[in-house]
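*Asks:* One-letter residues, chain by chain:
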Amino acid sequence: MSEKIVVTSIGIISALGQGKNAHVSAFRTQQSGLRHPKHLKSKYADEFVLGEVRLSNDELSELVGLPTGDNGYTRTTLLALAAVQDIVNDAGLAILQSEPTAFINANTVGGMCTVENMYMEFIAPTAPEEYLKYIDTLDCAESTQRITEHFGLNAFSATVSTACSSSANAFIFGARLIKHGIVKRAICGGCDSLSRFTLNGFHSLKNVDKTPSKPFDQNRLGLNLGEGAGYVLLETESSAKERGAHIIAEFSGYYNSNDAYHPTAPSPDGAGAYRTMQKAMEMAGIQPEDISYINAHGTATQSNDSAEGKAIENLFGSNAPYFSSTKPFVGHTLAAAGSLEAIFSMYAMEEQMIIPNLNFETRMEELNISPVASLIENVALKHVLSNSFGFGGNNVSLVFSKP
Amino acid sequence: MEDLKLTLKQQIIDSLNLQGMKPEDIDDNAPLFGEGLGLDSIDSLELMVLLERNYGIKIEDAREGRKILQSVQSMAEYIQEHKKVS
Amino acid sequence: MKQVLYIKSASAISPQHTFYPEQFLEPLVNSDDNKLRVIDIDYSKYISPVAIRRMSRLLKMGISSGMQSLKDAGISQPDGIITGTSHGSKKDMEQFVQDLIVLKEEALNPTYFIQSTYNSVNGWLAMQSKSTGYNQTYVHRGASFELALFDAWLMLQDAKRPEYYLVGGFDELTDNYFVIKSKIDYWKKENIDSLSLLEHSDTPGTIAGEGAAFFVATNDEKDALCAVPSIKMLQDPDAATIRKTLAELLEENGIAMADIDVLLCGMNGDASTQDIYTPITESIDTKTTIATFKQLCGEYETTTSFALWLACQLITRQEIPEAIVHKKGSTNSIKYILLCNHSVFRNVSLTLVKAVK
Numbered sequence: 001m002s003e004k005i006v007v008t009s010i011g012i013i014s015a016l017g018q019g020k021n022a023h024v025s026a027f028r029t030q031q032s033g034l035r036h037p038k039h040l041k042s043k044y045a046d047e048f049v050l051g052e053v054r055l056s057n058d059e060l061s062e063l064v065g066l067p068t069g070d071n072g073y074t075r076t077t078l079l080a081l082a083a084v085q086d087i088v089n090d091a092g093l094a095i096l097q098s099e100p101t102a103f104i105n106a107n108t109v110g111g112m113c114t115v116e117n118m119y120m121e122f123i124a125p126t127a128p129e130e131y132l133k134y135i136d137t138l139d140c141a142e143s144t145q146r147i148t149e150h151f152g153l154n155a156f157s158a159t160v161s162t163a164c165s166s167s168a169n170a171f172i173f174g175a176r177l178i179k180h181g182i183v184k185r186a187i188c189g190g191c192d193s194l195s196r197f198t199l200n201g202f203h204s205l206k207n208v209d210k211t212p213s214k215p216f217d218q219n220r221l222g223l224n225l226g227e228g229a230g231y232v233l234l235e236t237e238s239s240a241k242e243r244g245a246h247i248i249a250e251f252s253g254y255y256n257s258n259d260a261y262h263p264t265a266p267s268p269d270g271a272g273a274y275r276t277m278q279k280a281m282e283m284a285g286i287q288p289e290d291i292s293y294i295n296a297h298g299t300a301t302q303s304n305d306s307a308e309g310k311a312i313e314n315l316f317g318s319n320a321p322y323f324s325s326t327k328p329f330v331g332h333t334l335a336a337a338g339s340l341e342a343i344f345s346m347y348a349m350e351e352q353m354i355i356p357n358l359n360f361e362t363r364m365e366e367l368n369i370s371p372v373a374s375l376i377e378n379v380a381l382k383h384v385l386s387n388s389f390g391f392g393g394n395n396v397s398l399v400f401s402k403p
Numbered sequence: 001m002e003d004l005k006l007t008l009k010q011q012i013i014d015s016l017n018l019q020g021m022k023p024e025d026i027d028d029n030a031p032l033f034g035e036g037l038g039l040d041s042i043d044s045l046e047l048m049v050l051l052e053r054n055y056g057i058k059i060e061d062a063r064e065g066r067k068i069l070q071s072v073q074s075m076a077e078y079i080q081e082h083k084k085v086s
Numbered sequence: 001m002k003q004v005l006y007i008k009s010a011s012a013i014s015p016q017h018t019f020y021p022e023q024f025l026e027p028l029v030n031s032d033d034n035k036l037r038v039i040d041i042d043y044s045k046y047i048s049p050v051a052i053r054r055m056s057r058l059l060k061m062g063i064s065s066g067m068q069s070l071k072d073a074g075i076s077q078p079d080g081i082i083t084g085t086s087h088g089s090k091k092d093m094e095q096f097v098q099d100l101i102v103l104k105e106e107a108l109n110p111t112y113f114i115q116s117t118y119n120s121v122n123g124w125l126a127m128q129s130k131s132t133g134y135n136q137t138y139v140h141r142g143a144s145f146e147l148a149l150f151d152a153w154l155m156l157q158d159a160k161r162p163e164y165y166l167v168g169g170f171d172e173l174t175d176n177y178f179v180i181k182s183k184i185d186y187w188k189k190e191n192i193d194s195l196s197l198l199e200h201s202d203t204p205g206t207i208a209g210e211g212a213a214f215f216v217a218t219n220d221e222k223d224a225l226c227a228v229p230s231i232k233m234l235q236d237p238d239a240a241t242i243r244k245t246l247a248e249l250l251e252e253n254g255i256a257m258a259d260i261d262v263l264l265c266g267m268n269g270d271a272s273t274q275d276i277y278t279p280i281t282e283s284i285d286t287k288t289t290i291a292t293f294k295q296l297c298g299e300y301e302t303t304t305s306f307a308l309w310l311a312c313q314l315i316t317r318q319e320i321p322e323a324i325v326h327k328k329g330s331t332n333s334i335k336y337i338l339l340c341n342h343s344v345f346r347n348v349s350l351t352l353v354k355a356v357k
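Protein sequences appear in the order of chains A, B and C. Reading the first sequence from the start, the letters are residues 1 to 403 in the working numbering. Reading the second sequence from the start, the letters are residues 1 to 86 in the working numbering. Reading the third sequence from the start, the letters are residues 1 to 357 in the working numbering.
Errors might be hidden in some of the hints.
As the list claims (entries may be wrong) - Label pairs and their computed distance ranges (CB to CB):
1) C/Lys71 <-> B/Asp3: 44 to 54 Å
2) A/Asp269 <-> C/Glu190: 56 to 66 Å
3) A/Asp269 <-> B/Gln10: 49 to 59 Å
4) C/Ala258 <-> A/Thr68: 55 to 65 Å
5) C/Pro21 <-> A/Asp58: 29 to 39 Å
I should point out that these hints are in silico values taken from the structure, not numbers from a laboratory. Glycine residues also receive a C-beta, built at the ideal position from the N, C-alpha and C atoms.
Next up, chain A with everything else stripped away, as it sits in the complex (with noise of 0.2 Å):
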């Protein structure tokens, strides 16, 4: 019987700002995060709302240290330094360093953002001097590279990348370093800002809502890009205990597995997401009752609402816990969606509220259930689930528990 995988650190940065009590109360004000993008330079910024991070690339570069201006640093990476960052002053550089602490990262497009700008300078017979530093940026390991670096957590670190999963894979593969004595700690989450590359790769898919997204509501439109960085510390709960650590929740159950039906849509019957759900409870050793409330993947799309809409109704039945996606407060950060989402989980079972599904009016025809559409205070939570679905049918379910 292995032991029990907890939560002892968050460190969080996105559109709604930075920290437990910037998300929490605009998730008590249903104060959704989304606007008109400021600093991304996209001839859609004013026709589309996006979850941007407020801060400026300096603004992000003070936060944690470095110089301002054109320092080699993307903006991609400035997010996950100020969220690990968090990481690192809470639980302290110390026992981080001391003892083998993973840092498995997720990302989708690395450097892009800032690469974008730069490319036809690139490919050009010569390029600008001051261009010649963002080279090598481009990769999903530059911002994972950056922070072993700059923390000095040398101990094991990968980057992963599937997509809309990314992060919620990055949290699986640190529990199991711990579970199989690789390492004694991980920092798990994952980072991905807003670039043209992202936003009109989606616009291309002709899923994304210009106005705040309807996340499984019948008349949804489709999705709004986000950026931001997740991470969470993770421990044994006897390592936990030992050093007097805080312990935000239990990891108690996870599963990843694959749809195998199409490169970018769910299958419609949601077998997929099932399947998903359903074992990651099994490993928790709870059963769908036991749940009290979904985080779901929810991007408004039509093929994952409605694959995911049938999932949770064919494995709830009729009294399905509260679900809802939070992706209306935020943006669908993709890389970061995973753990972004997995920490609002935790902090709606700390808070004992449900998170509402912002925009929600009208149920779909082909479901019977429908999202949380207001904040709902004073719940009861035990166990709560985190579902994030990828391109690639990358499916993978996450179970926290109250520790």
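Given the coordinates of chain A, assemble chains B and C onto it according to the supplied hints.
*Replies:* Using the frame of chain A, we list chains B and C on its own:
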């Protein structure tokens, strides 16, 4: 209209890289999706890109797009009605 | 007792003749423009016409070598698919970002965007093999493939029955990538004959390559090609750390340097990274053959996958082709191969490969 349909068929073949196919292999009224040519949702998006790049026609809604893209005939009719004069 | 990882099959698409067993590195292929590109195979044998028409080279390479590896292992539905790639489908990403800029964010092809996601090969392999199991992609530079193999090993520790994981590594070379990285001196300044790469180890830079290699990794020893008892990954280690890790690897396996029959090194002709191999080569026994492989496949971040394929061939064929010999040893049989590799980002790995028969 006939010229347009012929051009359109070649553009579809090129855009979707339907290797080994020629315009005469595509029937005007054959369904492009499902049975018939068996194209999928990503192909329908690519055909919407074709309409935008070659004919200046922008389709925002994927579902509306599927109706227009039912066959070469329906596409040609839509183009004739909506083509932006360049 | 930790479960050992066995390799049941290995398949590689590379700049050399590696895909068809009867053509093992014959004839040798070289280039004189500092680029080594794969020899394309008949991808249509592995991918349906409907699917293949949109696919990038990387997708075709990855899917084909993955499916062949499954076929060779006699496994139709693996328990999981785990891959590593540093840059994924570069060509698709390049096309999308260029169009984005040139067409000013109008009328962009979704296909390039979708295929540029790093786990697109995984998704296709899962669909083709109907594998609904564990599916993961690592994008960690020079440790991408090592992490995939390590993850498979970790999965096998929990296996309660024979389990089979499809594990692969792949990266592609594009003209744009070559131009871009030349600006920060990745490549040799002068054009060299690729096969003579190691003779140019006194100057900086290397040559560019690409490839895809897949394996079926299992806890089932039956009919295995070889075993991989140890995988060690280091990030920018100093010489002392490399020596210490090497010593740990030998001790864990109850062997000494003298037991290593072949040292298969990722030396790539770049003077600035030769030092990585010194702590290993300095302690090598005289009977050990030192072999190199990047003159065959070029440099890219997942070359360990090519090297592992090569190690499987050396063990099953019990021969060391002249083309890879850097310093001839006197070993009579090949039981242990120590594979050591590095990447431009100074990811260093030490992998032990062992004969099982």
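*Asks:* If a hint holds in the structure, say so; if it does not, say that too.
*Replies:* Tested hints:
The hint said 44 to 54 Å for the Cβ distance between C/Lys71 and B/Asp3, and at roughly 48 Å that hint holds. As the Cβ distance of A/Asp269 to C/Glu190 is approximately 60 Å, the hint placing it in 56 to 66 Å holds. Between A/Asp269 and B/Gln10 the C-beta distance comes to about 38 Å, which lies outside the given range of 49 to 59 Å. In this structure the supplied range 55 to 65 Å holds for C/Ala258 paired with A/Thr68, their Cβ-Cβ distance being about 56 Å.
Checked against the given bound of 29 to 39 Å, the beta carbons of C/Pro21 and A/Asp58, roughly 58 Å apart, lie outside it.
The structure fails hints 3 and 5 (numbered hints given earlier, in ascending order).
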